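Asker: Work out the full structure: start from the sequences and follow the hints.
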Amino acid sequence: MRIGMDVGSTTLKCVAIDDNNNIVYKAYERHYSKIAEKSAAMLSEIITKHPQFEKSSLTVSGSAGMGFATALGLEFVQEVYATRVSVSRLLPGTDAVIELGGEDAKILFFTGGVEVRMNGSCAGGTGAFIDQMASLLGVDPTQMNTLAESHEKIYSIASRCGVFAKSDIQPLLNQGARKNDIAASIFTAVVNQTVAGLSQGRKIEGNVVYLGGPLYFLSELRKAFDKGLGVTGTCPENGLYFVALGAAYSSEGTVLDMKEVKEKIANAKESGEYLGATPLFADEKEYKEFAVRHAKNTVATDVKIQKGEEVYIGIDAGSTTVKAAVINKNGEIVTSRYMPNSGDPVSLIKNFLVEFYEEFPDAVVASSAVTGYGEDIIKNAFAVDFGLVETVAHFTAAKKFKPDVDFIIDIGGQDIKCFKIRNNAIDNIFLNEACSSGCGSFLQTFAAAWGYGIEQFSKLGLFADRPVDLGSRCTVFMNSSVKQAQKDGATIENISAGLSISVVKNALYKVIRASSADELGKNIVVQGGTFLNDAVLRAFEQEIGRDVVRPAISGIMGAYGAALYSMERATSKSTLISAKELESFEHKVKAVTCGKCSNNCRLTVNTFSSGRSFIGGNRCSKPLAKANTNAGDNMFDYKRELLSKYAPVKGKRPTIGLPMGLNMFELLPFWHTFFTQLGFGIALSEKSTRELYVSGQHTIPSDTVCYPAKLLHGHIESLLAQKVENIFYPCMTYNLNEDLGDNHYNCPVVAYYPEVIRSNVGDLKKINFMWDYVGLHRPKDFAKKIHGILCEHFSGISKSEVKAAADKAYTEYNSFMNRIHVKGMEYIEKAKKADRPVIVLCGRPYHLDEEINHGIDKLICECGATVITEDSVSPLVEKFPTTVLNQWTYHSRLYAAAKYVAKANDKDLNIVQLVSFGCGVDAITTDEMRTILEKDGKIYTQIKIDEISNPGAVKIRLRSLFAATGR
Amino acid sequence: MSKKIIEDRVEFTKDMMDYTILAPNMLEIHFNLLINIFGQYGYKTELLKNDGRTVIDEGLKYVHNDTCYPALLVIGQLIDALNTGKYNPDKTALLITQSGGGCRASNYIHLLRKALKKAGYPQVPVISLNLSGLEKNSGFKIRLSMALKMLSAVIYGDLIMLLKNQVEPYEVNKGDAERLTQKWIEDLSAEMQKGKGYSFFEIKKNLPKITESFSKIPLDKSISKTKVGVVGEIYVKYSPLANNHLEEFLFGQDCEVMVPGLLGFINFKVDNRLEDIKLYGGNPFKKIAMRIAMWYLSKVEKNLLDAASAYGDFNVPAPYAHIKEICTKIIGPGCKMGEGWLLTAEMMELIESGYGNIVCAQPFGCLPNHIVGKGMIRKLKEMYPQSNIVPIDYDPGATKVNQENRIKLMLAIAKENSGCTGDCSCCSNHH
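Going down the list, the protein sequences come from chains A and B.
Under our numbering, the first residue of the first sequence carries the number 36, and numbering increases by one thereafter.
Under our numbering, the first residue of the second sequence carries the number -6, and numbering increases by one thereafter.
Hints in this document: simulated from the structure, not taken from any laboratory.
Across the chosen pairs, the derived CB separations fall in these ranges:
id	chain 1	residue 1	chain 2	residue 2	range
1	A	SER123	B	LYS322	28 to 34 Å
2	A	ASP441	B	GLN186	56 to 62 Å
3	A	VAL290	B	GLY45	38 to 44 Å
4	B	GLY45	A	VAL327	33 to 39 Å
5	A	GLY524	B	GLU179	40 to 46 Å
Bear in mind the structure is a predicted one, so any value in this text is a computation, not a measurement.
For every residue, glycine included, the Cβ atom is placed at its ideal position computed from N, Cα and C.
Answerer: As structure tokens, then:
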């Protein structure tokens, strides 16, 4: 008699097997973190139904069972190991197992060397991720599965973690993409995450078995895996119970009295000490005072209107909520809405307008404005008068409450926006990066997990005696921390308070990077739906040690600001759709692929009844069928054009393949010249695409490395597919010395990625892969050293030939860099004459890659600005003191470009820095760039990019930047 | 390399000899010896032991949150210590190691200075302890005798750590190894105080005595232990603060732990300069100087390894020259940032000497580890099918439960593999 119990992160599974290995009992249920209670209940059920198990062995498995198993001295088996035991026993002939759990993803290989893999501490693509995505679509996972059944197309959704995926899905929803397609895309994202994160150089093939809850319940997810892996996997009987079975099989056979064990588990108190923070309020009195103070910041609501009175409508189509406000001439609120964005902002606004026209037939709409992620679609759908960027909307609203406001922080559902106000203009903007969520939806997710509404949940924490100190971390991590706190005996009140505190800490330390209240400002206005929760508000005041203003209408400030904005600009009559037109309002969505360039953007075409339309998902203006005549010059285009001249050629010597990734984006002129001079042919990997990335993702060993590095795996596959016999991709500790820093290193990833490629791409063994260590920084030694290297691979190459080729290569490289500089200067001059703003779009040479920059360069140009690059201005700057060690060539250029911009004294010359997610070096450069720029009163703007970018967030930054410079 | 220009910093001057110098604690044994040595030269040095949430919080507050975990912890710990009020900020200096090289770790000291300014301690001087001559302080000069004593502390520390790790899990009287370790720290410090114990020959004489003393601790070898090696980013690998008390956890899971010592890292750092010249060309005089340094280090290392095998039945690691040789099978010796190829080599050495169950500990998103740690596991698995390596990421957000669960998986496989008696192909090429 053996009992196996699998206590996972979200569910509890249990099996009881008799001495003939028959499964007598099995059960599966969500435990809602009430682990001890539920486990005891399950044991109790077993012995009631099957008294023969009163004396039985019990083996526990699963991450959440580790604690009590250790405490009670029960047998414990690690869950992946347990899976292995049961698969070996029940499914002989299995080649690989993919098991997705609540928060874990695992791959087990059985043939060709047994290996087990488990996701690292940062990884989505699991059950919890699927749950989160489903709730974003307003459905449950089973419904999501049904939706996916009739999908037509797949969108690219970041698969790294839930937080990223959310910021991809939201814009899709706002653009009107079909939920069916999004649902299927989510499943594909899970597949990509699992393959990229866990296969690590091993192909998943043969007899593949799918285990775990999500794969068991979701047929479309299995299909997505089948498609992604090119296999037909099976989902065995009892697929949910393999861990529990494995645990039972692994038992050492110690027979226990289950009644006793059950009692012990029920009474198990986890060792239970957690770190506590100061309570939010000492007592009711303190809370009252707090409430009275904040009640003052209010504006009249539900004011009556006279017949024919003019009103102004503001709409904020945010990422997770849609808000609307109707105000009168005095800025008083006539009516307002705060609605969750269930993925269809258009029909929400339609309903709102219908209700408004019905309720206030006497009102005359004088003007209207819309802001937020859904700005474009709503503006088109309902012929709204004005569109404005969120930051301006919030500033306009905040001024109404505190005219001398100098700092605004808005925590919404999906984003945190903070900005400083200087000289009555928006100055310094901080937005949360895709990776550090900690916003409203974060609290909401936790509240929902406990079955509360967010308001209720956050109220619980107000009088918590010892809030849990959860630190500040991303949602994925927070899940496990909260679970740990629960185990340590923290009450739900203290967890609620702890989560509110963590939202604040996240905003202050991760997003704003502030270390004191004085850095923020003296007159702080806080807003956004999240601040409606007194617990969050209190935590914020406590953390910065200063009182702040929270308008009573905190949740709808964006809409209120938009309404005020529209009032300031109101002309004669509003263009907003009338009550009559609304009656026949129709909205149709079609998904198409734009074929106007190689980007092949997946477009959503929205058409509305009046003939208006809106296209979303485009990266440039081509599909909009109206040429943008105002676009500025684009240095990125020029650089790409220059590079395209170094094309593949045949030569008298063998052909050498060069992967077009990382530093090759800059060194191509050098190596191309060098090899062609020697008579070698040149083959290049194809242009980066999402497909190219996917083709190489199974050989990525570290899923937290930056996207440009991950892409290199695809470039190698591309060269292999071209059947090249030689690939040259050298290791380079040092870069060329441009005398801008104290040293001239490459970052460790750029320097040594060839080593990763060599060790992880198995097929390279079949060809000649040259990964040698090469130093271009010592031109004199270079020729000698490279000659030695070439002689190891090819015969008959003379020293003098190599010397001559090297000289030519250096000359070519220098003239390439010089052309960039000259062209940059030309563009700046041209922009000045045309009164165009100039953006120095800083990054790395490989940010030229359109798959990496996601067309951000074009986006900036289309805003009417000229884009130049850091290397076009860095030659104008002399080495200068920095507060950090300035030792990487690419990064020295960044500092130089910042210095150039800071000293130029030109408000139309600004910097935008592209930062690849996971770039460790940029954790240092971004702070330094900001320091250099702010010293001279310039604004620093950073855009984080990854596999996927969020054009919405990029636009906010750019538009705010232009708004701040008075454009 | 051109002249350094770094913005103004507070220098540690001669007038500051009455300051208390605070240093982070990376390696208990080595660092205790080191601060005693500093004390002998008039530097009042203290190792920081403050731990817990406030350390991490201060780090998160003052350091960019995407910066590597060690920077966050070390800086958090130093600022937390100043915040306690125990030290007068006008009479306190900080000491931090600076490794130099293309890893972002070379920037810790600058991040620390930035953080001190932000935290309201701009007057506190920060001393860089480095092998590369990166920064100098007029009040903190390392004389030759001090440098030799410091090197001896590394050698003594490595031997004591090696022996202690192999004795502690089996000792009959709990605490024997720890008591003996403390005794040796005291005795060796006292000897150095008298100006003895740190010359080449004195070290050579002392080392076997240490082994002898450890070999006399009564052991119960009947307990079967899982042999686990620990490698990784240098701070996370060694510091319990950073690795959530990894060694303690492994002891609790019935493991014997092998952690490669510090001398290998010093060898590696010196050797890198030689490799650079070899790969890219360079000053022939520097080349000769480095050759001599390497020769000296190899002699010192030989003393250490000989001593470790002089008594008892201790597992003795392979010499630097050997591990460099084996590792060039899979990674180039030019890979030098962070722990560079040495990390891969240490894994190979551990596998070959029977510690094939390995925890590779690194800060989340550690750049060199993408290459030399996680990037090499696939290849190692090919070469040594029985190797059982688990990479574990550490950062302020990672939870202990999550990390321990992954380590437990590695241990479960280790237990299964322990049927392997050392006769299989993967274990047979013992050096």
